[in-house]
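Listed here are the chains, written in short residue letters.
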Amino acid sequence: MGQKIVTLPLTDKKVQYLKAGDRVLLSGDVYAARDAAHKRLAELIENNEELPINLKGEAIYYVGPTPAKPGQIIGSAGPTTSGRMDKYTPKMLSMGLKGMIGKGYRNEAVKEAIQNYQAVYFAAIGGSGALLSKKIQFETVVAYEDLGPEAIRRLTIKDFPVTVINDCYGNDLYQQGAEAYQGRHPQ
Amino acid sequence: MREIHVDDITENVAFLCQAASFDLGDDMIRAFQSSLKTEKSEIGKDVIEQLLDNAEIAKQEHIPMCQDTGVAVFFIELGYDCNIVGGSLYDAINQGVSKGYGDGYLRQSIVRDPLDRKNTGDNTPAITYVEMVAGDHLTIKFTAKGGGAENMSRLQMLKPSDGLEGIEHFVLESVRLAGPNACPPMIVGVGIGGSFEKSAYIAKKSLLRPVGERNEEDRVAELEEKWIEQCNDLGIGPQGMGGSTTALDVKIEVYPCHIAALPVAVNIQCHANRHKEVTL
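Chains as they are written, first to last, in this note's numbering: chain A, 1 to 187; chain B, 1 to 280.
The hints are simulated quantities; they were obtained by calculation from the structure and are not laboratory data.
Treat the hints loosely; a few may be bogus.
Unchecked claim - Distance condition first, Cα-Cα at most 30 angstroms in a straight line; then the derived DSSO-like pairs of lysine-lysine:
hint	chain 1	residue 1	chain 2	residue 2
1	A	K39	A	K91
2	B	K59	A	K69
3	A	K4	B	K45
4	A	K13	A	K91
5	B	K198	B	K141
6	B	K45	A	K134
7	B	K59	A	K158
8	B	K159	A	K134
9	B	K159	B	K205
10	B	K99	A	K69
11	B	K159	B	K141
12	A	K134	B	K40
13	A	K135	B	K59
14	A	K69	B	K141
15	B	K205	B	K276
16	A	K91	A	K158
17	B	K99	A	K134
18	A	K135	B	K37
19	B	K45	A	K158
20	B	K276	A	K135
21	B	K99	A	K135
22	B	K37	A	K19
23	A	K19	B	K45
24	A	K135	B	K45
25	A	K56	A	K91
26	B	K198	A	K4
27	A	K14	B	K141
28	A	K19	A	K56
29	B	K40	A	K135
30	A	K69	B	K159
31	A	K91	B	K118
32	A	K134	B	K59
33	A	K39	B	K276
34	A	K4	B	K40
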């Protein structure tokens with residue numbers, strides 16, 4: 001099984017090249033945002049106010065890193081559970097968001113929106129925050145600094161390892177993977 | 001009566017918080033290595049190899065293995081012949097957490113009010129349970145419990161007529177629902193009996209037992225082994241991407257209960273199974 005190399009930002013063509021189960025090395029810029037930041041963005045969207053970030057063509061990494069030690073770019077930085085963001089995601093995809101990196105199940109509305117708006121959902125390995133922090137080359141807080149670990153950050157990632165879970169064709173690796181290995185425990 | 005000063009407790013708690021976050025236990029490392037030999041999925045193997053790399057980086061460079069450095073949970077065993085001097089045990093523990101999480105650059109994940117959700121800024125308050133035991137020692141058992149796995153934990157008040165079959169169904173259903181959200185391969189803590197809160201307490205406490213160590217009672221140990229196999233039969237696999245390693249272990253604790261009751265709690269623990277202890 002090979003690895004695909006993808007540079008950000010994502011486009012329709014790049015998204016169409018990605019299939020559930022693909023292992024991908026991602027490089028480029030992403031926004032880091034999680035629960036509290038999503039709540040604030042959703043309130044702005046609801047009130048037709050301008051967002052502090054432009055979502056078009058962007059990817060969001062659901063992460064709340066540990067504080068960086070002196071001399072470090074970022075602390076431990078693995079993915080958090082994506083399902084908590086499901087409530088906000090379809091609207092953000094409709095505004096041009098193309099990719100998400102997290103871990104765990106997405107709901108049906110998100111999976112449908114991923115197909116409708118030609119986007120992709122990647123999983124990084126939950127709990128591998130030390131390893132993943134080595135793949136982050138630059139970090140700056142761009143909004144909501146008061147939220148601490150939940151502030152919105154701009155991250156530059158390099159060869160960041162992810163796996164495609166939900167592709168734009170409606171495939172779902174969590175479902176397909178579990179079905180493929182059911183009843184095949186080690187003897 | 002032996003005396004232990006609260007400052008000694010604070011220092012040790014601060015150390016435990018950092019050590020747990022950077023240094024994954026040998027039992028977990030051995031379990032990862034052993035699962036590499038049996039895992040059938042290529043993606044699954046790749047995940048486990050990355051988890052081993054991650055643990056090594058965390059240990060060598062003192063980077064938390066997971067960015068969710070958790071809620072600080074303490075199981076304290078306090079000897080009847082031990083006297084704590086210089087202040088309160090609970091305050092000493094909270095001061096240790098504040099120091100450990102601050103000095104170690106660990107993430108502050110606790111909000112003061114569950115509704116307005118303002119961060120307390122030092123990961124306190126800790127959740128502390130104290131049990132009185134024989135002797136003149138104080139044992140501090142610490143676990144850093146992450147939100148992802150904790151959120152997938154469940155409790156049900158079953159009927160006595162549901163029996164073992166009902167319990168088994170509930171446990172496996174909980175693991176299936178937890179799936180990738182709980183960062184598998186997971187450790188499944190099961191508390192059977194007691195009361196509503198006691199079942200949850202023993203389920204969580206069971207997670208402190210080293211991976212691979214079976215319950216002392218044979219009939220419970222047999223159930224643990226059976227349920228490990230059944231969890232792995234679910235096919236969820238490492239990180240839920242499909243595979244034969246869903247649970248590295250199942251831990252069961254039982255406790256007497258009311259004639260009308262059959263409480264069952266399932267406390268899911270992710271592969272970042274962080275716990276350390278010290279005896280003063």
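Problem - Pair hint A/K135 and B/K45, alpha-carbon separation not exceeding 30 angstroms - result: Measuring from Cα to Cα gives roughly 21 angstroms; hence the hint holds.
Handout entry: Agreement of B/K198 and B/K141 with the hint, judged by alpha carbon distance not exceeding 30 angstroms
Key = Holds, at roughly 18 angstroms.
Problem - Given hint B/K45 paired with A/K4 - CA-CA distance at most 30 angstroms - result: It holds: about 18 angstroms lies between the C-alpha atoms, which stays within 30 angstroms.
Practice task
Decide if the proposed pair is consistent with the structure: B/K45 and A/K158, CA atoms, cutoff 30 angstroms inclusive.
Solution key: holds, 23 angstroms
Handout entry: Restraint status (C-alpha distance of A/K39 to A/K91 at most 30 angstroms)
Key = holds, 12 angstroms
Practice task
Assess, step by step, whether the Cα of B/K159 is no farther than 30 angstroms from the Cα of B/K205, and give holds or violated.
Solution key: Distance ~24 angstroms between B/K159 and B/K205 Cα, so the pair holds.
Handout entry: 30 angstroms Cα cutoff - pair A/K134, B/K59
Key = holds, 14 angstroms
Problem - Agreement of B/K59 and A/K158 with the hint, judged by alpha carbon distance not exceeding 30 angstroms - result: Given that 30 angstroms is the threshold and the Cα spacing comes to 23 angstroms, the pair holds.
Handout entry: 30 angstroms limit on alpha-carbon distance, applied to hinted pair B/K40 and A/K135
Key = OK: B/K40 and A/K135 at ~28 angstroms, within 30 angstroms.
Practice task
Measure nothing beyond the straight line between the CA atoms of A/K91 and B/K118; if it is 30 angstroms or shorter, mark the hint as holding.
Solution key: With Cα atoms ~26 angstroms apart, A/K91 and B/K118 stay inside 30 angstroms; holds.
Problem - Pair hint outcome, A/K39 versus B/K276 [Cα-Cα no greater than 30 angstroms] - result: violated, 36 angstroms
Problem - 30 angstroms Cα cutoff - pair B/K37, A/K19 - result: holds, 28 angstroms
Against the hints set out earlier in the document, violations occur for numbers 8, 11, 26, 27, 30 and 33.
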